[in-house]
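Enquirer: Each chain is listed here by its residues.
There are 2 protein chains.
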Amino acid sequence: MADILKKDAFLLPENVIYLDGNSLGPLPRAVPARVQAMMADEWGEMLIRGWNKADWMGQPSRVGDMVARIIGAPDGSVVMGDTLSIKVFQALSSGLKLRKDRRVILSDNGNFPSDLYMAEGLVKLLEQGYELRTVAPEEVMDAISEDIAVVMLTEVDYRTGRKHDMKTVTELAHAKGAVMVWDLAHSAGALPVDMTASNAEFAVGCTYKYLNGGPGAPGFIYVRPDLADTVEPALAGWLGHRQPFEFDLSYAPGHGVERMRVGTPPVIQLTALEVAMELWADVDMNDLRAASIALQEQFIAEIERDVPALTLASPRDAAIRGSQVSWRFEHGYAAMQAVIDRGVIGDFRAPDIMRFGFTPLYIDSADVSAAVRIIADVMNNNLWDDDAYKVKSRVT
Amino acid sequence: MADILKKDAFLLPENVIYLDGNSLGPLPRAVPARVQAMMADEWGEMLIRGWNKADWMGQPSRVGDMVARIIGAPDGSVVMGDTLSIKVFQALSSGLKLRKDRRVILSDNGNFPSDLYMAEGLVKLLEQGYELRTVAPEEVMDAISEDIAVVMLTEVDYRTGRKHDMKTVTELAHAKGAVMVWDLAHSAGALPVDMTASNAEFAVGCTYKYLNGGPGAPGFIYVRPDLADTVEPALAGWLGHRQPFEFDLSYAPGHGVERMRVGTPPVIQLTALEVAMELWADVDMNDLRAASIALQEQFIAEIERDVPALTLASPRDAAIRGSQVSWRFEHGYAAMQAVIDRGVIGDFRAPDIMRFGFTPLYIDSADVSAAVRIIADVMNNNLWDDDAYKVKSRVT
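Residue numbers (our numbering), protein chains in the order written: chain V, 1 to 396; chain U, 1 to 396.
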């Protein structure tokens, strides 16, 4: 297995083992200076001319291509902007327009709530009998019936790490005449994804987790190339217009996935992300996956050996697990706070999930063992205290 | 008139007179170091804990309050996020739900195209006979009939600078039973706005123009406080949920304008904006308006004295003009490029508008005279060349 560790590329705090890169990736070392330069040399010196001279205008597509390479999608099929929630809305609304004879969006209750909320908001907006139907993750396959317009799933469950089989689910969705939308929030940068092979119509994702783009880094959307010139963008912003600087009074969708651009792109935020994405140029996603699984297997074995209070909530089979390991514990919130206070950062997800993410670019086997020692100390010696941690976690 | 010039607070390039702050404001001097510190000390050191410890989570409302003070709105009535185009969609979709018995959005053809496109996209998404009706700016009052659900206007026309009377239009809209949405893109930071007195239901705007938040700075939305707990957010994202960290499966809108939050806020971009907004703490908007009008009147008088080729496109009456002066010239695109090449930065808007913005925080009377001398030199000596400037401007 190739060594893909590049700890030196990140500015990691002292005395911290960061097992929460699946929530917010750490700061790549090169980012601050490059963002500083963008502000001083581009915004400051070029002013409005930066849109052309520094090609801020091309940035959402340029960075989109960098993301495309991580998710097995061709150049020109991904564009950046706004947030993952907005991208979910775009994919769902465009998906429904591709199946106007049907009224049901199918998802599962392991999907990230914001995806379900966005679907709920869309359904309520549309009226006319539109419906969001939600089933348990393991019931999705049976629930893909011929009244489903769009199947929307997050490949890797944000709580348990349980992983859907993208290819199998997509094939069934298509067999039943439904459009497929994948949320890659916990996939992009975490494991190999092959959008082209999946044949799914849409994918969306965020870039502040495994891709290390920083807090509030923009979302992305992929549209299958054969559809990109026909899908109707419900969020018809001027930068998705065919000729934005003609200032026509009527909307004409741009070429391909460019039509999924909406308003003015967040140039400062995109610059941080663009620098962060450069770290992926030499990463083989199969090597990354192998390294991730090795770290997870080590973590499960050592926790099960040393910490009897924790019950595995993630699938035991690595093949159907993303890049995180979750445990159930009744007092998980307080316990996680105590673990964090001792330098091992994971996070808590209601109602009782203690979640740890594995990111082989900056976490190695020694980190895993050191983390287990601290977790064992906290759990086995009851160093957590429900009363001391009344405030709910606000991590994303 | 109080002196409100604070040139030293901005990093302005040498040999440039910047009359395009109505497109992209310049770099406030304090921004780079503060953004750098946010990246190193918060993202880098706190990692995921920054959401609480650095209160990233409260930033969209905290910065919203800073914007609220500029537009005559109370604390807690404005929230930041995404882009102006997304905020337009939120205001329109919520507005339509307040008038379910009507189907027409009324706007004018002086509105910024993206606003019209977003309305067009929404109408097309909704079907059921929804319609966008667009008239000339001077015909708006006559067109507010009793079938109008929502009137959506930009207070200051992006091309001519012509200014609607917010109070009068809103009163008529309400008299006819319509909901009012104001776009303050060319108002916020440009002239006094009194959202409370206007009584309008919604306002939206951007922060990269007069508010100097940087390229791609987020948009804002204002919801009239008496409605904020009842409006339905069509973009129902998790950070607009009442209890986002409960991870409920169903959406429950947050308190007040917080429900207009959607996805994860762009923290780096918001930090630049937050620093930029600090410059407004001691600015009296009436003083700013007086200074802006004085600069504009000087510019009009000197251009009309020295540059016969230019025809005023903006209203001559300062009371109905925003903070810009626009001129018509058949070869405006090439002429503006030639002027820019000589250090006076304005911009061009199709088909024939040469536009100059006046921003009294960093432009003074001497700048105006110096700009006129350069414009006169270019125009009177035919220093522009249609052939030399074939590429369309891409400034926003």
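Treat the hints loosely; a few may be bogus.
Same chains, same names: a pair is fine if it fits in one copy or spans any two.
To be verified - Below, in silico cross-link-like pairs of lysine to aspartate or glutamate (DMTMM-like), each with a Cα-Cα straight-line distance of 20 Å or less: (1) 53 / 341; (2) 167 / 138; (3) 7 / 367; (4) 124 / 248.
Derived from the structure by calculation, the hints contain no laboratory data. Bear in mind that the values here come from a model prediction, so they are computed numbers and not experimental data.
Enquirer: How do residue 167 and residue 138 come out at 20 Å by Cα distance, when the copy is not named: within, between, both, or neither?
Expert: within (16 Å within a copy, 56 Å between copies)
Enquirer: Is it within, between, both, or neither for residue 7 and residue 367, if the alpha carbons may be no more than 20 Å apart?
Expert: This pair counts as within: shortest intra-copy Cα distance 12 Å, inter-copy 51 Å.
Enquirer: Reference check for the pair residue 53 and residue 341, CA-CA at most 20 Å: within, between, both, or neither?
Expert: between (47 Å within a copy, 13 Å between copies)
Enquirer: Indicate which option fits the pair residue 124, residue 248 if close means a Cα-Cα distance not exceeding 20 Å: within, between, both or neither.
Expert: Answer is between; shortest inter-copy Cα gap is 18 Å, intra-copy 31 Å.
When each numbered hint is compared with the structure, no violation occurs for any of them.
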